[in-house]
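Peer 1: Each chain, letter by letter, is given below.
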Amino acid sequence: MSNPIYIALAGNPNTGKTSLFNTLTGLHQKTGNYPGITVDKKQGSFSLENGQKVSVIDLPGTYSLNPTSVDESVATKHLLEKKPDLVVVVAEAENLKRNLLLFTQIKDLGLPTLLVINMEDQMQKKGISIDVESLEKQLETKIILTSTRKNKGISELKNAISQYENLSRKTLYSEDVSSYKKWLSDTYRVGFQEIQDKEQQSKTKKEQHQETVKRYQFIGKVLKGNYAIDKSKATDFDSKLDRILTHKIFGYLIFFGLLLLMFQAIFTWSAPFMDFIDESFAGISEYVTGLLPEGKLNNLINEGVIPGIGGVVIFVPQIAILFLFIAFLEETGYMSRVVFLMDKIMRRFGLSGKSVVPLISGNACAIPAIMATRNIEDWKERLITILVTPFTVCSARLPVYTILIALIIPEKIVFGFINAQALALLGMYLLGIVFALVSSVILSKIIKMKSKSYFVVEMPSYKMPLFRNIFYTVVEKTKSFVFNAGKIILAVSIILWFLASHGGKTFDSAEEIISVKFENTEISEEELKTEIASFQIENSYIGIMGKTIEPVIKPLGYDWKIGIAIITSFAAREVFVGTLATIYSVEDPEDESTIKSRMEAATFADSGEKVFTLATGVSLLMFYAVALQCVATVAIVRRETNSWKWTIIQLVGMAILAYLFAFFGYTLFK
Amino acid sequence: MLLSQLKKGEKAVIKKFDIQSIPLKLVELGCLPENEVELLQIAPLGCPYYFIINDTRVAIRKETAKQIEVEKL
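Top line first, the protein sequences correspond to chains A and B.
Just so we're aligned, residue 15 is where the first sequence starts under this note's numbering, counting upward by one.
Just so we're aligned, residue 34 is where the second sequence starts under this note's numbering, counting upward by one.
Only chain A is shown next, with the shape it has when bound in the complex (with noise of 0.2 Å):
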């Protein structure tokens, strides 16, 4: 069999191209990574009806060669240096003429190029004629109308790309081909900034301005007397929705209601799923335990591995219908009026309009909420939505939370109808919330860098969501959420388990010490076997570590314990509770009772206090709000900011912060 064929779809955001690329390619398509950076790269396949694979490559939407931001640069790199063999541009009727610039760019690099106009179902209600014949012949291409919606066109598409090798590859406005790629390489390089020089950077602005007015030029002689719209059959369902949802005080009522559905649903939804996440779990590692022999590497699975992997399952359901919200938002095109809506009021705080995204999603996990961080065209506000996201209350931090707040909150109604522990709960969120726009407001003040406020949103026509599409985004974003986290979780529980189950020389003698301590005492053996496992916990390395910090962390409230959770959930918060339980049961494996009623139980070594009492869970409160402990996210912010300065910034600034609230609040309390 012949290779595949290869090609690349392109065109303008919101026309209906990853439509197109989940009709075509339907669930053989997978993201990945374009190298060193972290714009997602959709791949995919298909057969054609002769049996003929071909290869899809998704672009990442852009309106022209000319990139202004990272996204768009990745569709450019790609054409220039990749040459697949046949370009598919998409189009969307509506706007036939803003995306036929994109089209005549493409078509100058000398590829067989494809022009499919999407969404012809709507030609009609919107009075758009086009004259495809005609068309075809002054684009030197091939057109297909097509509409992903009714399935339309779908094969006339295919039979076009198995006949590929016929396309023109003549330019359309440009002399000839490399004088135009080499044109478009050298730009390329001043826009983004690797050439620093102001004269030659405004010098290729205005090369790049005069391009795009000579090529509309162009597409206004081709378009004449082939493409009209009859604006009086038209009918305006977008400006009357949009009278509405951007409406003074309608449009902010709508999208505060929105907000609260989604949270509503984050929780409540989420929790049977959660529960039978939670006992599966259990389930699985009591079979597996029976299924291997005892010793060390049924210690490792048991209590490294399966808890960690369900400690990242178990955020599954909330990720996954945070995401099916905001699938749902962008797809019908509301979400860029709530960036309109919100431009100002962010603005006051040192953000943008679009920072709300970034901070609506940090609340079930920062890395997905730092990638979408990337429109954000000026770079000061999108370095500070980077740097206040990770304060907003992510899915990690819950399970600290509800375990704290179980502690030190009694179970009680009050008002009349609120469970006060709910109560603090939400008092989290907004604490979260306020961290971030605080610090924004301060960032802002304090970051010294030169910003023009370029800020260009297109409002896309509304149209009804595509549940496919819905279904293909949440699945995808889930699976890069599971894989990425459960890594790093992965690789954390075997390393602690091993420092927990390792230890220097005292820790290998440990029986003996402890034997020799008690040895005429009485004491029966059960009793020797724990005092002998807490000597060894203390030894390990890990409670070297706890160990050390202590005199650092003791006026925060915390003992040598509290401490390796802290050092451990540095990977992740969630591990914050896994550690507890593991060092309280490896003290006393056989007491059956939950993880709260041990830490209720805990007392200090010395002076054989209570460990959690209110003063201490308000302290561990205050340091999970404000500390960055993930490193998932530090990893995050490096690739995003290209910055280790902002990455160290940001670590140690929220570091310095949670140590400060948390003496305080442990201060306050006590």
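Some hints here could point you the wrong way.
Derived CB-CB ranges, DEER-like [unchecked claim]: (1) B:Leu35 to A:Lys459: 28 to 36 Å; (2) B:Glu69 to A:Val428: 41 to 49 Å; (3) A:Pro569 to B:Gln38: 57 to 65 Å; (4) A:Gly40 to B:Asn68: 36 to 44 Å; (5) A:Tyr476 to B:Val46: 56 to 64 Å; (6) A:Leu267 to B:Val46: 33 to 41 Å; (7) A:Tyr476 to B:Glu69: 18 to 26 Å; (8) A:Gly40 to B:Leu35: 36 to 44 Å; (9) B:Gln38 to A:Tyr476: 23 to 31 Å; (10) A:Ala505 to B:Asn68: 52 to 60 Å; (11) B:Leu35 to A:Ser61: 51 to 59 Å; (12) B:Val46 to A:Ile670: 31 to 39 Å.
As a list, the in silico EDC-like pairs of lysine to aspartate or glutamate whose alpha-carbon atoms are at most 16 Å apart [what the hints assert, rightly or not]: (13) A:Lys196 to A:Glu221; (14) A:Lys111 to B:Glu69; (15) A:Lys245 to B:Glu104.
Counterexamples of contact, computed for chain A against chain B with all Cβ distances above 10 Å [unchecked claim]: (16) Lys96; (17) Glu108; (18) Val327; (19) Pro424; (20) Ser529; (21) Gly667.
Hints are computed from structural coordinates only; laboratory data are not their basis.
Using N, Cα and C, we set each Cβ at its ideal position, and we do this for glycine too.
Fit chain B to the supplied structure of chain A, relying on the hints for placement.
Peer 2: Chain B only, in chain A's frame:
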């Protein structure tokens, strides 16, 4: 007059602007001399502005709108 001085619902024709002070993306979306522009909405606190330019619906900030000279229709 300037694009930022239009009132809601008013239409105008774009006259000129300094290319260095507006984003290239806006030009690519069709903000070019002689094209028609209509102001659809102004966000509640007076910014951003929401226009139709060249059949494209787009929101920009007031500072950018101030850089563009138009002639009211």
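Peer 1: With reference to the structure, classify each hint as holding or not holding.
Peer 2: The hints, checked one at a time:
For the pair leucine 35 of chain B and lysine 459 of chain A, the beta carbons lie near 30 Å from each other, so the given range of 28 to 36 Å is met. At about 59 Å, the beta-carbon gap between glutamate 69 of chain B and valine 428 of chain A misses the expected band of 41 to 49 Å. Checking the proposed 57 to 65 Å range against proline 569 of chain A and glutamine 38 of chain B shows it holds: the Cβ atoms sit about 59 Å from each other. Checking the proposed 36 to 44 Å range against glycine 40 of chain A and asparagine 68 of chain B shows it holds: the Cβ atoms sit about 41 Å from each other.
For the pair tyrosine 476 of chain A and valine 46 of chain B, the supplied restraint of 56 to 64 Å is violated, since their beta-carbon distance comes to about 28 Å. The beta-carbon spacing between leucine 267 of chain A and valine 46 of chain B, approximately 37 Å, falls within the hinted interval of 33 to 41 Å. The beta-carbon spacing between tyrosine 476 of chain A and glutamate 69 of chain B, approximately 22 Å, falls within the hinted interval of 18 to 26 Å. Separation of glycine 40 of chain A from leucine 35 of chain B is about 51 Å and departs from the stated range, judged on CB atoms against 36 to 44 Å.
At about 29 Å, the beta-carbon gap between glutamine 38 of chain B and tyrosine 476 of chain A stays in the expected band of 23 to 31 Å. Between alanine 505 of chain A and asparagine 68 of chain B the beta carbon distance is about 56 Å. The supplied range of 52 to 60 Å therefore holds. Taking the beta carbon of each, leucine 35 of chain B and serine 61 of chain A are about 56 Å apart, inside 51 to 59 Å as hinted. Distance hint check: the CB atoms of valine 46 of chain B and isoleucine 670 of chain A are about 56 Å apart, inconsistent with the given range 31 to 39 Å.
A threshold of 16 Å between alpha carbons decides the hint, and for lysine 196 of chain A with glutamate 221 of chain A the separation of about 14 Å falls inside it, so the pair holds. Restraint check: the Cα-Cα separation between lysine 111 of chain A and glutamate 69 of chain B comes to about 14 Å, which is no more than 16 Å; the hinted pair holds. Among the hinted pairs, lysine 245 of chain A with glutamate 104 of chain B is inconsistent with the structure: their alpha-carbon atoms are about 22 Å apart, more than 16 Å. Residue placement check: lysine 96 of chain A keeps its beta carbon more than 10 Å from all beta carbons of chain B (closest about 23 Å).
Under the 10 Å C-beta cut-off, the non-interface status given to glutamate 108 of chain A relative to chain B is violated; the minimum distance is some 7 Å. At the 10 Å boundary, the C-beta of valine 327 of chain A stays outside the reach of chain B, the nearest C-beta of that chain being 40 Å off. Taking the minimum C-beta to C-beta distance to chain B, about 43 Å, the non-interface status of proline 424 of chain A holds against the 10 Å cut. Here serine 529 of chain A stays apart from chain B, with its beta-carbon at least about 75 Å from theirs, past the 10 Å limit.
Here glycine 667 of chain A stays apart from chain B, with its beta-carbon at least about 29 Å from theirs, past the 10 Å limit.
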